[in-house]
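All chains, full assembly: derive it from the sequences and hints.
There are 4 protein chains.
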Amino acid sequence: MTNRLVLQTMDDPGTHPVQISPRQSCGDSNLWIVAGPCAVESLAQLEQITQTLLQHGVTSLRGGAFKPRTSPYSFQGLEEKGLQLLHQMRQQHYMTVITEVMAIEQIDLVAAHADVLQVGSRNMQNFALLKALGKIEKPILLKRGLAATLDELLWAAEYILSEGNERVILCERGIRSFDPETRNVLDLGGVAVLKRQTHLPVIVDPSHAAGRRDIITDLSKAAIAVGADGLIIEIHPNPQKSVSDANQALSLEDFSDWMEEIAPIAQAMGRSLQSEAHLVA
Amino acid sequence: MTNRLVLQTMDDPGTHPVQISPRQSCGDSNLWIVAGPCAVESLAQLEQITQTLLQHGVTSLRGGAFKPRTSPYSFQGLEEKGLQLLHQMRQQHYMTVITEVMAIEQIDLVAAHADVLQVGSRNMQNFALLKALGKIEKPILLKRGLAATLDELLWAAEYILSEGNERVILCERGIRSFDPETRNVLDLGGVAVLKRQTHLPVIVDPSHAAGRRDIITDLSKAAIAVGADGLIIEIHPNPQKSVSDANQALSLEDFSDWMEEIAPIAQAMGRSLQSEAHLVA
Amino acid sequence: MTNRLVLQTMDDPGTHPVQISPRQSCGDSNLWIVAGPCAVESLAQLEQITQTLLQHGVTSLRGGAFKPRTSPYSFQGLEEKGLQLLHQMRQQHYMTVITEVMAIEQIDLVAAHADVLQVGSRNMQNFALLKALGKIEKPILLKRGLAATLDELLWAAEYILSEGNERVILCERGIRSFDPETRNVLDLGGVAVLKRQTHLPVIVDPSHAAGRRDIITDLSKAAIAVGADGLIIEIHPNPQKSVSDANQALSLEDFSDWMEEIAPIAQAMGRSLQSEAHLVA
Amino acid sequence: MTNRLVLQTMDDPGTHPVQISPRQSCGDSNLWIVAGPCAVESLAQLEQITQTLLQHGVTSLRGGAFKPRTSPYSFQGLEEKGLQLLHQMRQQHYMTVITEVMAIEQIDLVAAHADVLQVGSRNMQNFALLKALGKIEKPILLKRGLAATLDELLWAAEYILSEGNERVILCERGIRSFDPETRNVLDLGGVAVLKRQTHLPVIVDPSHAAGRRDIITDLSKAAIAVGADGLIIEIHPNPQKSVSDANQALSLEDFSDWMEEIAPIAQAMGRSLQSEAHLVA
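Chains as they are written, first to last, in our numbering: chain A, 1 to 281; chain B, 1001 to 1281; chain C, 2001 to 2281; chain D, 3001 to 3281.
Everything labelled a hint here was simulated from the structure, so no lab data went into it. Predicted model, so just to flag it, every value in this text is computed and none were measured. Accuracy of the hints is not assured; some may be wrong.
[As the list claims (entries may be wrong)] Listed next, the stretches of chain D that the computed footprint assigns to chain C, with coverage defined by at least 3 CB atoms under 8 Å from CB atoms of chain C:
| # | region |
| --- | --- |
| 1 | 3139-3152 |
| 2 | 3159-3168 |
| 3 | 3212-3225 |
| 4 | 3262-3273 |
A virtual CB, placed ideally from N, CA and C, is assigned to each residue, including glycine.
Laid out in structure tokens, this is it:
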């Protein structure tokens, strides 16, 4: 127990930033902003989103190519084609790409096309996958399971670290509860606890927690104020036509408002929203 | 359904401030700060706390005289004696006093000694009590039950309003969940939803949600950032010697730090921490 | 802690039966069956139900006169009139009557008309009410709160016992959880734990747990098999026209089938369904 | 939605038995009993357990070779060696072997050594694994996730069926909740609902739900009474020395008592405990 790699130690407290790309890291005074569609749909969609992100100095793009879906008959993502489209955004716009990997077999392919590999909530305790991701040289975004305790989340991270990959970023995205008004309950107290227990950066996904557009800005502000190191949100040029999670994606106009609304809170927390990568680009 | 008194209407959206004392209200651009001990213990305790509060411009004092306790053998509060001590703070220091009422039989006595009557989580659906509180002329602080849906909370408020008392303030204080790290899970998404659904002010109790001192400041900042109209927290001159909830009370020194730490977030949200009452006093 | 009245002791293990009426008790080899409508609606309704119960040797009738309702605008029960109708069933058919008491002010009235006073889930920690019920000489049916731990339930019972009333029967009726298929989750593991921890009888309410008619018989069998001392279910001559909880009440024909289906399980558990009271009547 | 393979249809209601071995199936009038250690530890352990099982006519042996563990530093199972030991029980004693598969890479190996492949709770929505298991010709025991809705469980099964493997058995093993007295809450209402919604057999794992030995027999009886098609429990020659889950395993003596205690309930439900396989062996 005493030698858990994920735990903060007395002689080295605080968050250790995780390097994500040559010019970007998570866990320092910058707030790491990641935005993009639930699922990659087309080149036009990614182009439009990327242009909007860059206008706001946001250089990290999320988007699902392999999509975990409750039903086998739902759209499962563009898969390799989706990865190629994401990769185009890296090459043409120097975007940092974050996308989900659902199986060991997909790791090489995803790692070749993305900067950060995401482990989704449903796979938080897919230990074989975690071990395999512990052997690659890309940062991992590890999402908390729907009913995972904070300790289980830290042990899941330990699976990755213990195999050699120290670049793990944790993500709180809501836990399952009883109230139908929101899809999940965002556990910001959990974020505060994690920030004290581990040196790993912790970011927040308000989109999946809320499951509804109207409170995403409020939850984003709260996440920044509680001390989160970043935010990952869903945006879409035309949310109503999104192939998945249509109710929770912000439009591109919403995104501009969102950036404006979170700015004062970030500033009050001493966090910069302007990434160096953007200044260079 | 359409005529629920608690719901916001199209032609009158936004929060309606609730008048708490001649010079103070909740739900406007001031952030309503309430602090004090879990249980009233002595005059010296209240004096010491009150002096600290006043130094920071805080004029609302909470403190339990009738205490709901899981065990019948636990300290049940100083009862009438506790009310008298709270009342002394009103008379000598012009404090606004908030304290819990647990039964219809206590209403007259509590109303004679306090400015705001609190309904605790365990009594959120004590409908006989709610109806009786609907007939008095004091504001009611209604805490959400441990497993109450937001809709049930609004219906509980409706019981009070429908009897004629429109001065109800809602309070989110954490819902019961599975993770032992925190006593409860603070549902800030619920606060965001409530702010959209009702014109009633909504405040947050981070102390009972956390059940641990170390994350109360973080949760307080998050609550302000999500749009809460106020905060109610537990403080104690000597938390370790508190007769109840010793793990979650802030010391008076902690409280000073807390006021300093929440200030930038309040400012970023356009909320004032300086109450008019204080300026006058 | 060691002197909790509700706990089983080494030198006196097992369940202590609670005397309910001169000829009936709960917690012995008889299975205590209680059935009746959610709300008392009319004399005709009670007569029809009582005739059906008596045909099956069931002599305990439940029915709400004071009804706790989420909304203040929902039917609140026939109140005193409802109690009088229940009382008629005692006088004319020697029925044992179980009905809810929601407030201290109602205790005398309810106690004058009923044999067993029920404390509903929402009032499980209405401590003032519990203390008052500890001073009367009628058995109390104490329902577990929606999110109450087993320990909190036992402490709630302790409030009653510590005031002198030792005739408390506990009731598991489902806890709040996340799955929308059933209204609540019936915690039969909790029943098994309670049977080991306390000498108080424990019964089960499958109707409120299920919230749907189709699985009530299955849950009733499971409750008997897990060791419950009784069952309390909702029946109605015309469930579709029930003024409340229409989806979960069994029809009178359903009730006959139910009695037939649970009989083999009761027998396998060594429990009799034939009450002595019936044999006499 | 209308063409979900897992759903019961009007013209073909009821449970379709799943053939597990030439002489054994699950979902018919026999109750399928599966018992064995949490983790395979040694040949001696398996021999001792198998002898006990056979004395009671139980021919299905569970045992973990690949063990999903919260911590990467906990014993991860004997892996291939464990599979070989299980296989010896098939060859020498004609046992039906059930064991967990945690990753696609393990499928061939596990399928070569076992009769039924188990998907654990943590992998219920490991969709890549489910799809791969849909392509093999062995029955799958699919455990419900800790916070999975019944509908999500049915969709997970659909992933397997839609790839061609129709032999899926569902398993309820407790959902995560708030009460520390039991490890999880066994959702027997969920079993009752599943029996109505799907033609797939449904079994119950009381060991993981309880997390404590003393209530496993009670929960087993309840599971049979609610209509479960089988039970899977943990037993160990020396539970205190078990390498994992020591608190919930029954001893071999306990197992004999258990068989005796559940028999009357099985009989009352018209279920046989005597498997044909045993009679032949």
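Each hint, compared with the structure:
Using a Cβ-Cβ cut-off of 8 Å, 4 residues of the region 3139-3152 of chain D lie near chain C, which meets the minimum of three, so the contact claim holds. Counting residues of the region 3159-3168 of chain D whose C-beta sits closer than 8 Å to any C-beta of chain C gives 0, which falls short of three, so the coverage hint is violated. Counting residues of the region 3212-3225 of chain D whose beta-carbon sits less than 8 Å from any beta-carbon of chain C gives 9, enough to reach three: the coverage restraint holds. Evaluation of the coverage hint for the region 3262-3273 of chain D: fulfilled, as 5 residues show C-beta separations to chain C shorter than 8 Å, against a requirement of three.
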